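Enquirer: The residues making up each chain are set out below.
8 protein chains.
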Amino acid sequence: MNEERLQRILEQVKSGLLGIEDACQILRVLPYEELGFAKLDHQRALRDNFPEVIYCEGKTPEQIITLLRQLALHNDNVIGTRASVEVYEQVAQGLPEIQYSPLARIIYMQRSPLPARGRVAVITAGTADVPVAEEAALCLELMGAEAQRIYDVGVAGLHRLLDHIDQINQAQVVIVAAGMEGALASVVGGLTKRPVIAVPTSVGYGASFQGLAALLAMLNSCASGVGVVNIDNGYGAAALAAAILNTHKK
Amino acid sequence: MNEERLQRILEQVKSGLLGIEDACQILRVLPYEELGFAKLDHQRALRDNFPEVIYCEGKTPEQIITLLRQLALHNDNVIGTRASVEVYEQVAQGLPEIQYSPLARIIYMQRSPLPARGRVAVITAGTADVPVAEEAALCLELMGAEAQRIYDVGVAGLHRLLDHIDQINQAQVVIVAAGMEGALASVVGGLTKRPVIAVPTSVGYGASFQGLAALLAMLNSCASGVGVVNIDNGYGAAALAAAILNTHKK
Amino acid sequence: MNEERLQRILEQVKSGLLGIEDACQILRVLPYEELGFAKLDHQRALRDNFPEVIYCEGKTPEQIITLLRQLALHNDNVIGTRASVEVYEQVAQGLPEIQYSPLARIIYMQRSPLPARGRVAVITAGTADVPVAEEAALCLELMGAEAQRIYDVGVAGLHRLLDHIDQINQAQVVIVAAGMEGALASVVGGLTKRPVIAVPTSVGYGASFQGLAALLAMLNSCASGVGVVNIDNGYGAAALAAAILNTHKK
Amino acid sequence: MNEERLQRILEQVKSGLLGIEDACQILRVLPYEELGFAKLDHQRALRDNFPEVIYCEGKTPEQIITLLRQLALHNDNVIGTRASVEVYEQVAQGLPEIQYSPLARIIYMQRSPLPARGRVAVITAGTADVPVAEEAALCLELMGAEAQRIYDVGVAGLHRLLDHIDQINQAQVVIVAAGMEGALASVVGGLTKRPVIAVPTSVGYGASFQGLAALLAMLNSCASGVGVVNIDNGYGAAALAAAILNTHKK
Amino acid sequence: MNEERLQRILEQVKSGLLGIEDACQILRVLPYEELGFAKLDHQRALRDNFPEVIYCEGKTPEQIITLLRQLALHNDNVIGTRASVEVYEQVAQGLPEIQYSPLARIIYMQRSPLPARGRVAVITAGTADVPVAEEAALCLELMGAEAQRIYDVGVAGLHRLLDHIDQINQAQVVIVAAGMEGALASVVGGLTKRPVIAVPTSVGYGASFQGLAALLAMLNSCASGVGVVNIDNGYGAAALAAAILNTHKK
Amino acid sequence: MNEERLQRILEQVKSGLLGIEDACQILRVLPYEELGFAKLDHQRALRDNFPEVIYCEGKTPEQIITLLRQLALHNDNVIGTRASVEVYEQVAQGLPEIQYSPLARIIYMQRSPLPARGRVAVITAGTADVPVAEEAALCLELMGAEAQRIYDVGVAGLHRLLDHIDQINQAQVVIVAAGMEGALASVVGGLTKRPVIAVPTSVGYGASFQGLAALLAMLNSCASGVGVVNIDNGYGAAALAAAILNTHKK
Amino acid sequence: MNEERLQRILEQVKSGLLGIEDACQILRVLPYEELGFAKLDHQRALRDNFPEVIYCEGKTPEQIITLLRQLALHNDNVIGTRASVEVYEQVAQGLPEIQYSPLARIIYMQRSPLPARGRVAVITAGTADVPVAEEAALCLELMGAEAQRIYDVGVAGLHRLLDHIDQINQAQVVIVAAGMEGALASVVGGLTKRPVIAVPTSVGYGASFQGLAALLAMLNSCASGVGVVNIDNGYGAAALAAAILNTHKK
Amino acid sequence: MNEERLQRILEQVKSGLLGIEDACQILRVLPYEELGFAKLDHQRALRDNFPEVIYCEGKTPEQIITLLRQLALHNDNVIGTRASVEVYEQVAQGLPEIQYSPLARIIYMQRSPLPARGRVAVITAGTADVPVAEEAALCLELMGAEAQRIYDVGVAGLHRLLDHIDQINQAQVVIVAAGMEGALASVVGGLTKRPVIAVPTSVGYGASFQGLAALLAMLNSCASGVGVVNIDNGYGAAALAAAILNTHKK
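Protein chains in written order, with the numbering used here: chain A, 5 to 254; chain G, 5 to 254; chain F, 5 to 254; chain Z, 5 to 254; chain C, 5 to 254; chain X, 5 to 254; chain D, 5 to 254; chain B, 5 to 254.
Just chain A, with the same shape it has in the complex:
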């Protein structure tokens, strides 16, 4: 689209319909929509693997409704992360079509589910890591990937993990969400040749320092093939997994 518009502009210059000075003004500008408090970026799906995702924390329900509505005009599937029940309930009054996953804390619209481009194993060390994993899993499903949930297989009971090695290796990408010491990422990384996306969670006693311990552990993984995203950032893990699944697409 952008490319087309650029060509159109240059054609107008060539044909004299557009002055050179005016073209100079336009040429460094790509289109987006101005909403006042935010600039919606409809082209993101071109540069990214999914339309813009709304991060709901710190936005008012009114702002969220406006953003979602605008997105919904141009996209079949729309995601808002970090949405509390209260936000969902207010948004649902303005947008009855909206759905909600309280575990993943995601509001979403899914008019035409995308075909799954591949499978992602989403693994957690414990039960407390599940909300982060669910944020990843639901995002993946909305972005067109199959999410294989394998929860509560932390290294304190290694046999629980070893039992799922086959399932893990049948996925193209692996997401590991773990708090405390975050050892699961290294252990999984040592058991599979698949790319592992490690998500530290803020689960743990005092010296976990809200996920810092797991974060450092994952960055220092002795197993190779591990990339790390931000603490509790399930969406970020899903977006990276989707990018990897799309790698062989032009």
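No lab work stands behind these hints, which were simulated from the structure alone. Worth double-checking, as some hints may not be accurate.
Stated by the list, open to error - A few chain D residues facing chain X, derived, Cβ under 8 Å:
{"id": "1", "residue": "18"}
{"id": "2", "residue": "20"}
{"id": "3", "residue": "24"}
{"id": "4", "residue": "27"}
Stated by the list, open to error - Computed Cβ-Cβ distance ranges for the label pairs, DEER-style:
{"id": "5", "chain 1": "B", "residue 1": "107", "chain 2": "D", "residue 2": "107", "range": "44 to 54 Å"}
{"id": "6", "chain 1": "Z", "residue 1": "96", "chain 2": "G", "residue 2": "90", "range": "21 to 31 Å"}
{"id": "7", "chain 1": "D", "residue 1": "171", "chain 2": "C", "residue 2": "106", "range": "43 to 53 Å"}
{"id": "8", "chain 1": "G", "residue 1": "64", "chain 2": "D", "residue 2": "174", "range": "24 to 34 Å"}
{"id": "9", "chain 1": "D", "residue 1": "171", "chain 2": "A", "residue 2": "169", "range": "44 to 54 Å"}
{"id": "10", "chain 1": "B", "residue 1": "15", "chain 2": "Z", "residue 2": "96", "range": "58 to 68 Å"}
{"id": "11", "chain 1": "B", "residue 1": "98", "chain 2": "D", "residue 2": "107", "range": "45 to 55 Å"}
{"id": "12", "chain 1": "A", "residue 1": "169", "chain 2": "F", "residue 2": "88", "range": "50 to 60 Å"}
{"id": "13", "chain 1": "A", "residue 1": "61", "chain 2": "G", "residue 2": "173", "range": "51 to 61 Å"}
Claimed, not checked - Distance condition first, Cα-Cα at most 25 Å in a straight line; then the derived PhoX-like pairs of lysine-lysine:
{"id": "14", "chain 1": "C", "residue 1": "18", "chain 2": "G", "residue 2": "18"}
{"id": "15", "chain 1": "X", "residue 1": "18", "chain 2": "D", "residue 2": "18"}
{"id": "16", "chain 1": "F", "residue 1": "18", "chain 2": "B", "residue 2": "18"}
Small disclaimer: the values here were computed from a predicted structure and weren't measured. Note that beta-carbon positions come from the ideal geometry of N, C-alpha and C, so glycine has one too.
We have chain A already, so just place chains G, F, Z, C, X, D and B on it with the hints.
Expert: Chains G, F, Z, C, X, D and B only, in chain A's frame:
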């Protein structure tokens, strides 16, 4: 192989060639080679995307020679990272076949180059980040990937980066090595839909705290599709990129 | 004024109206007003570029009213930052003349607007950074500067920023408020020769550590001409910008 | 220059000398010079207030000579920071014209001194902070500003500072370099209405943590109008000061 | 049990009752119970010194009830840590048999008290450390150890501690819970030859940084024979003490 | 008293009233009172400069009442710090004699005021530091010292401080409570030869990190004669000041 | 011995041989030997599980010789840790009897080996962790324990570890030395019911922060029964293991 | 002197010898001597308890000689801290009168020893802390105080400390230098009513983080009457002790 050996053991149990108690002893053991000071892991190529890579720092030249020799018995291509010139020169006396890249600080053997499974763009913010990028690029080439080097395109002169967008988008995976504030990872992440592997480097003034500033910046990237590896860990970035390129392989 | 008073004292010494010992006592003392719980510093406008600004957090509404009233006796324009709605409502009962910006969390009086000495571009990476930016923008307007708001132009969608380069370059000073990885400060710094005041915000996922990631990033900016103020300190950015605009004033 | 080239390209498109597709290719590219290991950015003086400055640390003397030579082709005044005596001596063999300040650790060429656009007071708390201050002062002089050096006026002997208040206020901008607790930035900030650029230095006992204590202190300055740059970054302070002096220039 | 089951499987293979492929499937799997949101690990008592302990924080009362019920089917004694009064009250409705210690914040069932395998001295520096110590002491009693409570004997009044040296030395293991500067661990370590388990608590003024000061102090103990567990982790200390008491058991 | 008791024991040994073994038992024991949840240390006034002070945070009103009552049996003056209004109101029902300072958050009994042994200047940088200063000042008055309050004299308006230099120098000890960058401690330290006790407060914007910035600044004071206590620890400053005032007492 | 001396003193008091005042003086004093620069603590073996161990770092060879000689007068087995080859060679000239392990960096005398009280498994994740493990293993052997070395069994190749589970479970105590992400401690902790002593090592890339990542990981171990000692502190691990082995000794 | 000079100036104004404008210029200036690279502060002894002390680290021998010579013109006793042997040897050639303590790393001149104003106990936990303690002790002796050295009495062998309680209590002030966990400061603080100056040292294993562990421990001392100075800052402790000894002097 493992699977076969397991079947063979079970068959021996079945046929009575192997006692049950002995089988119990064997069954949790997978094969590796004991060298005394280290345990070489020949099966890693099965679980991983490349044979074991030797991390030379903190090992004596004698240890490195022994490890490389053993690896070379079973593998055509062998890598040792973080090797100083002094280590190279001593290793070369025992292993004349060995090659060395002083910039990447890698010693390696490449008897039969692997065909490139895909292309990885390796980008640096500045000149000082090049050694880390070269570690990544050379590892990629030895692991069977094409490395497209794009160096010194930091965000202080954005046009240098914008000039290479097409090159970047023609790769399947993007590696960004940057120190200081590490902003390049976010900017590249915002310009491509490819998975971006961010490598913070320890380049910078005092408050970079040996790469911590870039590390935190990359973990907090506002662009999605970014995974982070350890500070100055060019090899780790290459290994993750290779895993991603192999995603669609069974 | 101080200078005059010092001369008057010395003249009184010369004329014998003031004893030498008494003069010794007085001479290290500059005038301020004692309020018991605080010492109002009416001369600050001489040493600073604006009368004292009240930081409302941690003060009672009564204290704030007293301070504002005293300031209002000698100044046309008065500012109180970090004021919640509750504080505003209580203060408004005692000082009906007071105005409030809920977004900027500022209470203020503006009897005779100051003429704008110059223009400051106030830029944010995202919507969540807007409150900090509004604190800066409103302070600037009250201090006699034009604030050009350019919001939600983070580096994940670079074209949004590139579209405003001309606006940015038409300002004399640029303020950039950004959380997460704070990359916008470096990118803007690379695109303009204007002094850039970077304000890290506490917006972000876990590993932003309440603004630490953005703070470190901004201090390590690879672009030159960037000065950093405290996390979320919109007022501090405005005060520095006002000082810069007044640079060529005697 | 850029602007002109853009116009020329568009004119060629208009006149049919340049095909539309070729123009698309060119249009996002601004000119720079490819040196292999680095990309020299000759247009920086347009976007910045001085040609590109070479950061010598981590570069070989050969690289530095090449970079300086290329810069010297297009610029009268050239700066390389963080240059050791050894680097200077090797560079001087290839570039006899080069000058060196061992205190500021700067190599430079100054063929036609720029007229001073204003005066910057460069203040240090102690003698150990002088190298950082000299880096700032010499950069300023090469960038076309007068540097008023006021050294060793730390707050432990306040009268030394108070004696220079007039000098400080006669400058347009103030740079304060201080290690240990960095209190001088706040005290100077409280005594002048000029913008204060605070440079934390790595000078101090153990709990200064290589400049962290001074850095945090300066960011938390209770005086307004203070912007902070990186630890020991004298050049960064000079570049910001130069940008401020150029504020009223178009 | 595991061992037996393994033998049984192998015997079935030998006798032909079990196919080789099926055995392969089973052999890396140890039994656990799938509850959907969690995987109960009934064999933990074989690998550990006590059945799985439920960490109640972040789990719903329903989840806790389900987990406790399942555990109670196979175990006489069951522990849930970090349980608030609210959680207890809800759990008690579903599981009337459950008991609660509000000080230790533990819910538990103790159908057949285990005989004490040894004695553990549980010491606190102050009154505020008692909840952590009680978590340890009650867990110990449920795990089959005698807990000798010695509270409020911090080093500010050394005679209080010296008075209990005999009691301390009569225990086999010593647990020390201390916040603030955590010095008690070192002092006790210097007075006894028993292994000392140090538990930093989050008690203290600002610069204790929620237990970090005590944690670092305990890790740096100048007395030998001290092992450290996580901040406020009374249960962890008890589990380590129980493991030590069981050391001479086969 | 202790000394006397020791002599008495030895006399009993000498006279045969006490067996040697029993004496061995007793001899390492100094007297204190066992309250179950705490061990009251009545001899502290011998080793310390004031009877034990109750830190109320984290104790129940019942515990506080018991502790205060026991202390009140043997002491005329009793202090409880960090007491909320709610705690005061409950304690006052059991102990009507108790007094309360809401600003200092102290509950206390003062039956026979101690004569002041000297004067301590208690200085704050801002209004928000006053609660910490009041904790120090009231403790000092109860411990037998005169507190000279000098509030809101931060370095942003240096003349306010310079005006009080004489007052400061007339004290024997100086306490400085400051948040933000904590520069006041260094400046006061440079202006007086009296020992300065620096109390960092948790007042400040984000990068103050709850008092860390001020803490580090005060530890790195370029002025000599400065000792630092914990963040917000007004009582600790008072106790150290009292110890200094008692220095020349035997 | 102490006990006897105390009785002797009391007997002398009883018999009148010792005045009461003199006894008071003596009674709080336990015997040690004054060497001027250090106080040798010959009774430590009574309170500890081994005579005092000399930490050689920061001591001169002369000091070390003196300390070792004095220790050797009263003890058969003597240990000095953190001794470089240079220190060893100088010490050996004064003390030819001394032995040296360059890997463990320990100098020692072992005149009459102690019988092994039990077995300790000493495990490392990688080859680079071996020096720390050797410090632990050799200390254990000198302290009277059997050290079962199991090296290079990190979690990246889990089968290497699983192969040694039986060996590990046959020990009474397990020491795990690991750098990088330190996951091995948790995995081992999950596979054994033995007490696990975790030693973080300073091995790793940048974000290991010299062992901080492994330290935090081990403190946050999701497996129970894990106690942590200081970074690289092999001796500390051995001392704790020895204390545990001696638990059931009176 | 200052006071006199101020009076003289005012008298000159009164008598007309000095113009009012000239007096204005002079009046905020207190005398010091300009040396170019430093400003010697001869009046410091008036505001401080000793003439300016030269911190030698980072100064050239020439600068140190110049500074010492100037100081020696006006003072009988002169101190330079942090002086290496090399610095001493070079300084001694220019200033043969100079003396050196290699342990304390102090160069000094002591023409007329000051009478001791009191006694300070200087205590260390271990032998490695002695250099810091010696810096304090020698400074004290040069400043006119008796230093009672009590070394190697760390809490791992408490009896060594208890033996010196009387000596400690006979001093007016106590300095405690300790690394590792720094517990000695709290224990000493609990045993004496004297003010305790705690000096954390950088002695310790990895998790001491160069003195941070001891620093935090000392700031969190559960004993009252403890003030903390910077890591390894023996001079700072001496200066604070000297200020305390001078407290009752006018």
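Enquirer: Checked against the structure, which of the hints given earlier come out wrong?
Expert: Numbers 5, 9, 13 - these are the hints that the structure violates, sorted from lowest upward.
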